[in-house]
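**Student:** Residue numbers (UniProt numbering), protein chains in the order written: chain R, 1 to 214; chain B, 1 to 305.
It should be emphasised that the hints constitute simulated quantities derived from the structure, not laboratory data.
Hints may contain errors.
[Said to hold, decoys possible] Listed next, the in silico DSS-like pairs over lysine-lysine satisfying Cα-Cα at most 30 Å (straight line): (1) K176/B x K80/R; (2) K191/B x K80/R; (3) K161/B x K80/R; (4) K192/B x K162/B; (5) K43/B x K282/B; (6) K143/B x K60/B; (7) K162/B x K143/B; (8) K233/B x K176/B; (9) K161/B x K110/B; (10) K233/B x K177/B; (11) K242/B x K162/B; (12) K80/R x K162/B; (13) K213/B x K191/B; (14) K254/B x K242/B; (15) K270/B x K110/B; (16) K110/B x K80/R; (17) K213/B x K162/B; (18) K161/B x K143/B; (19) K143/B x K254/B; (20) K80/R x K270/B; (21) K177/B x K80/R; (22) K43/B x K270/B; (23) K143/B x K270/B; (24) K80/R x K213/B.
One letter stands for each residue in the lines below.
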Amino acid sequence: MSVILDHLPELWQGLIVTLQLTAASFAGAVVLGVLVCAMRVAPVQVLRALGTAYVEALQNLPLLVLLVLAFFGLPEIGVKAEPLVTAIVVIACYEAAYIAEALRSGVNSVAKGQGEAARAIGLTFGQSLRHVVLPQALRTVVQPIGNIFIATAMNTALAAAVGVVDLTAAAQRVNLIEAQPIPIFVGAGVAYGLIAAVAGFVTGRLERRLVILR
Amino acid sequence: MKRFVAVIAVALLGLAACGESSSPAVPGVPGESTQPKTDVLAKAPVAAAADLLPGSTMEKIKQRGELLVGGSLDAPLLSQQNPVTGEVEGFDAAMGKALAKYILGEPKVKIVNSASETREALLANGTVDVVFQTYTITEERAKQVAFAGPYYTSGLTIAVKKGTTGITKPEDLNGKKVLAGANTPAIPAIKKLAPQAEIITFGSDPECVQALKQDRGVAYVQDETILIADAQKDPSIEIVTKPFTSDPYGIGLKHGDDQFKTFVNGWLKKMQDAGAWQEIWKSSIGTVVTGDAPAPPRIGSVPGS
Chain R
1 MSVILDHLPE
11 LWQGLIVTLQ
21 LTAASFAGAV
31 VLGVLVCAMR
41 VAPVQVLRAL
51 GTAYVEALQN
61 LPLLVLLVLA
71 FFGLPEIGVK
81 AEPLVTAIVV
91 IACYEAAYIA
101 EALRSGVNSV
111 AKGQGEAARA
121 IGLTFGQSLR
131 HVVLPQALRT
141 VVQPIGNIFI
151 ATAMNTALAA
161 AVGVVDLTAA
171 AQRVNLIEAQ
181 PIPIFVGAGV
191 AYGLIAAVAG
201 FVTGRLERRL
211 VILR
Chain B
1 MKRFVAVIAV
11 ALLGLAACGE
21 SSSPAVPGVP
31 GESTQPKTDV
41 LAKAPVAAAA
51 DLLPGSTMEK
61 IKQRGELLVG
71 GSLDAPLLSQ
81 QNPVTGEVEG
91 FDAAMGKALA
101 KYILGEPKVK
111 IVNSASETRE
121 ALLANGTVDV
131 VFQTYTITEE
141 RAKQVAFAGP
151 YYTSGLTIAV
161 KKGTTGITKP
171 EDLNGKKVLA
181 GANTPAIPAI
191 KKLAPQAEII
201 TFGSDPECVQ
211 ALKQDRGVAY
221 VQDETILIAD
231 AQKDPSIEIV
241 TKPFTSDPYG
251 IGLKHGDDQF
261 KTFVNGWLKK
271 MQDAGAWQEI
281 WKSSIGTVVT
291 GDAPAPPRIG
301 SVPGS
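Work the whole structure out from these sequences, hints included.
**Tutor:** Given below as structure tokens:
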């Protein structure tokens, strides 16, 4: 236990980076995920195909592979970014595929009549999506989106592979000196567990408040 | 109550997920020894039956019929799995086989791929008998594990892209971006000698070299042996200093097992006297470092050993 207290500044700094990574990449994932979902349910075939291709490509590659590819591969064609920026963008793109799929299941749960009614009163596709379908879809998928948030937080641990000093990397560095893996990694595990617990608690509350009883 | 249980469950799930991504403690691809290199191990001694004291760790290993070694599968010249033969080759790997030969009469080892985060835990819970993995002896670590040896002394040095100027000593790294292998002694060494350096770490040596070539950092701090091998393969990088640290590598053993430590130290002495240590050096590190094998470090010469 004292080993954690002795190295609290480094571990705390790592935790801050983990939280930054989680928040920034999740925010990016939500924005991108809504766009991809809109493409997947769009009436234009080309857009639907592009959306499907995006989801299939991103969901079928391990995040670690994507991170290493983006970090070491993109500079070869002249695109180079800082480790933290690379990690945020890659994790956001990856999780966006999952957000899009969760949202799509929400869209599918909205009664067909809702979309027809929206068209009947003269709303365009974008308007009916924005004002009628998506608000209802979002309220149905609070829990799945919360789970994706938790997965995002856990997946940030892979950012250490491209040089980001997050909580996992900080714990590894402390252990390198102190050689006490069990207290150090249990401590880091508890911190990740707390992030997950808070996320679970918040989504539970949100779900109860937003749920649509059908 | 139900909600509380749900929160705990989610938290535990989080913990499990975290454990998965950060601890490669699960013995990975076991490097099973099939064809011992008899030429290198020919001089390696075999213990007298009387040395395997009843009830000792060595006797347990003898009964099991194989030595469980914590090591790497991706460290060039030290412990690297040959993708063609499946054999693990290098200085550390050969030393592990020689110790197995000493106890069992044949070099039968099973290499458990242990990450540097998990070595202490693997030794403490008995997953491995010994660790041969560039395991630098430090006094902090000696509180958790017993170290036989040192069996090799190495040192950190600096590589840069060819043509880089202004870096001739570790202090020149201040204020610069410096690359290092994750979980290597380079990190504390840079922090000590160049506190203003920004350290960027990657999991493996090839990644660090790639990052150096892509200007992600101006210098790469790593063990001299590894850097020499890198510079030989890739003429676009060069080494700019002599080694500026001295890292004594020890053989990790379970903490408190003095009987086994004495036994392993005795084996190491015999290896040096028989010239087997030197043979192993020549067949691994000696393939990139020119000249004769160096004098092996004196056993027990470092605090913690």
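**Student:** Does K110/B pair with K80/R here, judged by a C-alpha cut-off of 30 Å?
**Tutor:** 42 Å, violated
**Student:** Given the hinted pair K162/B and K143/B, is their alpha-carbon gap at most 30 Å?
**Tutor:** Given that 30 Å is the threshold and the Cα spacing comes to 42 Å, the pair is violated.
**Student:** Does K161/B pair with K143/B here, judged by a C-alpha cut-off of 30 Å?
**Tutor:** This hinted pair is violated, its Cα atoms lying about 39 Å apart.
**Student:** Within a Cα-Cα threshold of 30 Å, do K143/B and K254/B meet the stated pairing?
**Tutor:** 11 Å, holds
**Student:** Under the criterion that the straight-line Cα-Cα distance not exceed 30 Å, is the pair K80/R, K270/B satisfied?
**Tutor:** 53 Å, violated
**Student:** With the threshold set at 30 Å, check whether the alpha-carbon distance from K213/B to K162/B stays at or below it.
**Tutor:** Holds. K213/B to K162/B sits at ~10 Å (cutoff 30 Å).
**Student:** Verify the proposed pairing of K43/B with K282/B, using a straight-line Cα cut of 30 Å.
**Tutor:** 13 Å, holds
**Student:** For a C-alpha distance cap of 30 Å, please report whether K80/R and K162/B respect it.
**Tutor:** 21 Å, holds
**Student:** Would the pair K233/B and K176/B pass a check requiring their Cα atoms to be no farther apart than 30 Å?
**Tutor:** 26 Å, holds
**Student:** Compare the distance between the alpha carbons of K43/B and K270/B with 30 Å, and conclude whether the hinted pair is satisfied.
**Tutor:** 10 Å, holds
**Student:** Hinted pair, alpha-carbon criterion (30 Å max): K143/B, K270/B. Please report holds or violated.
**Tutor:** 27 Å, holds
**Student:** Taking only the CA atoms, is the gap from K242/B to K162/B under or equal to 30 Å?
**Tutor:** 16 Å, holds
The structure is inconsistent with the numbered hints 7, 9, 14, 16, 18 and 20, although it conforms to all the rest.
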